[in-house]
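Chemist: Take any residue in the sequence shown, note its place counting from 1, add 15, and you have its number in my numbering.
What the hints contain is simulated information worked out from the structure, not anything from laboratory work.
We put the beta carbon where it would ideally sit given N, CA and C, even for glycine.
Among the hints, a few may not be true.
The calculated label-pair distances, taken between Cβ atoms and stated as ranges, are [to be verified]: (1) Glu68 with Asp94: 48 to 54 Å; (2) Asn123 with Thr193: 23 to 29 Å; (3) Ala202 with Arg226: 26 to 32 Å; (4) Thr275 with Leu223: 17 to 23 Å; (5) Ala87 with Glu235: 57 to 63 Å; (6) Glu267 with Ser85: 21 to 27 Å; (7) Thr275 with Glu95: 53 to 59 Å; (8) Ile153 with Phe106: 54 to 60 Å; (9) Ala202 with Thr60: 32 to 38 Å.
Straight-line Cα separation of at most 20 Å, SDA-like style, residue types lysine to any residue; simulated pairs [to be verified]: (10) Lys203 with Ser90; (11) Lys215 with Ser188; (12) Lys203 with Ser110; (13) Lys213 with Thr193; (14) Lys101 with Lys127; (15) Lys213 with Glu120; (16) Lys118 with His66; (17) Lys99 with Glu114; (18) Lys168 with Ser84; (19) Lys165 with Ser110; (20) Lys99 with Gly228; (21) Lys215 with His66; (22) Lys165 with Glu120; (23) Lys181 with Glu68; (24) Lys215 with Ser64; (25) Lys127 with Thr157; (26) Lys118 with Thr185; (27) Lys127 with Ser159; (28) Lys99 with Tyr156.
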Amino acid sequence: MQAEYIKNLYRASLVFIVILSLFFAVKLLAEFRAYGMMGSSEANTITLSGHGEVEAVPDIASVYFTIESSKATQSASSDEVNTKTKSILDFLKSSGITERDIKTEGYNSYPKYSNPEPCPLYYSPNSIMPPCRSESKIIGYTVSQNISVKIRKVDDVSKIVDGLNKIGVTNMSGPNFTIDDPDALQAKARKEAIADAKAKAEVLAKDLGVRLGRVANFSESGYPGPIFYGKAMMEADSVSSASVPSEIPAGENTITSDVTITYEIR
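Using the sequences and the hints, build the whole thing.
Modeler: This is the structure we're talking about:
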């Protein structure tokens with residue numbers, strides 16, 4: 016009698032263990048499917064891309080120029096650069112440019128050497144060449160200072176360009192028209208791109224006879240649009256040409272966003 020009782024208890028325990036194992040197996044399988052670990056999520060998704068862009072007028076312009084002097088002595092070259100730099104800084108500050116928007120990008124000082132005459136080639140029956148005494152000599156010094164300026168009033172770009180030309184700079188490049196704070200515009204472009212991708216996904220889901228589920232994956236790529244350069248600035252040359260006011264249109268910049276969204280479908 017006791018042996019039969021123990022046998023029945025063993026059978027009941029075995030059944031309980033089997034049922035419990037099946038319960039955990041089903042639960043674990045459901046969790047695997049929920050997290051896409053069974054490989055079925057890829058077959059039950061659709062991926063669409065969207066594009067968004069925002070046009071904006073640039074509110075900042077940057078220019079870059081060089082002040083250079085070549086004199087017989089380093090001191091003379093440095094004095095001329097320093098004098099011209101002071102005139103330029105006074106002009107920029109009087110034009111409303113703050114010190115934080117004026118930056119020295121580099122300062123260089125180096126000697127200039129003469130170009131010696133090449134040693135003559137003599138022909139000698141015994142192949143003996145006379146000694147050559149030609150050598151380079153220092154004939155002066157060049158000093159240059161590179162400065163970048165950020166102009167926060169885009170309407171003043173032409174006036175500042177003309178002023179720099181009149182004072183006299185060696186090289187000038189720009190202006191580089193940009194957006195001071197593009198984050199808000201980038202967010203707007205992203206929102207448009209997401210809406211574009213979602214609209215495409217809804218149309219495709221309707222055609223397939225399925226419903227959109229949660230977002231399974233998202234990626235974005237975006238970049239500012241082309242930077243516009245004023246032609247008059249790019250061709251800045253002599254003081255005499257600066258008598259005609261520069262025409263430097265700022266144009267528009269384009270902020271774009273491209274997104275790719277993967278939706279689960281049901």
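Chemist: The structure should be examined with respect to each hint, and the outcome stated for every one.
Modeler: Cross-check of the supplied hints:
{"no.": "1", "hint": "Glu68 with Asp94: 48 to 54 Å", "in the structure": "holds, 52 Å"}
{"no.": "2", "hint": "Asn123 with Thr193: 23 to 29 Å", "in the structure": "holds, 27 Å"}
{"no.": "3", "hint": "Ala202 with Arg226: 26 to 32 Å", "in the structure": "holds, 29 Å"}
{"no.": "4", "hint": "Thr275 with Leu223: 17 to 23 Å", "in the structure": "holds, 19 Å"}
{"no.": "5", "hint": "Ala87 with Glu235: 57 to 63 Å", "in the structure": "holds, 59 Å"}
{"no.": "6", "hint": "Glu267 with Ser85: 21 to 27 Å", "in the structure": "violated, 41 Å"}
{"no.": "7", "hint": "Thr275 with Glu95: 53 to 59 Å", "in the structure": "holds, 58 Å"}
{"no.": "8", "hint": "Ile153 with Phe106: 54 to 60 Å", "in the structure": "violated, 34 Å"}
{"no.": "9", "hint": "Ala202 with Thr60: 32 to 38 Å", "in the structure": "violated, 26 Å"}
{"no.": "10", "hint": "Lys203 with Ser90", "in the structure": "violated, 55 Å"}
{"no.": "11", "hint": "Lys215 with Ser188", "in the structure": "violated, 44 Å"}
{"no.": "12", "hint": "Lys203 with Ser110", "in the structure": "violated, 34 Å"}
{"no.": "13", "hint": "Lys213 with Thr193", "in the structure": "violated, 31 Å"}
{"no.": "14", "hint": "Lys101 with Lys127", "in the structure": "violated, 25 Å"}
{"no.": "15", "hint": "Lys213 with Glu120", "in the structure": "violated, 47 Å"}
{"no.": "16", "hint": "Lys118 with His66", "in the structure": "violated, 38 Å"}
{"no.": "17", "hint": "Lys99 with Glu114", "in the structure": "holds, 17 Å"}
{"no.": "18", "hint": "Lys168 with Ser84", "in the structure": "violated, 30 Å"}
{"no.": "19", "hint": "Lys165 with Ser110", "in the structure": "holds, 12 Å"}
{"no.": "20", "hint": "Lys99 with Gly228", "in the structure": "violated, 67 Å"}
{"no.": "21", "hint": "Lys215 with His66", "in the structure": "holds, 11 Å"}
{"no.": "22", "hint": "Lys165 with Glu120", "in the structure": "holds, 13 Å"}
{"no.": "23", "hint": "Lys181 with Glu68", "in the structure": "violated, 40 Å"}
{"no.": "24", "hint": "Lys215 with Ser64", "in the structure": "holds, 8 Å"}
{"no.": "25", "hint": "Lys127 with Thr157", "in the structure": "holds, 7 Å"}
{"no.": "26", "hint": "Lys118 with Thr185", "in the structure": "holds, 17 Å"}
{"no.": "27", "hint": "Lys127 with Ser159", "in the structure": "holds, 13 Å"}
{"no.": "28", "hint": "Lys99 with Tyr156", "in the structure": "holds, 17 Å"}
In summary, the structure is inconsistent with hints 6, 8, 9, 10, 11, 12, 13, 14, 15, 16, 18, 20, 23 from the numbered list given earlier, while agreeing with the others.
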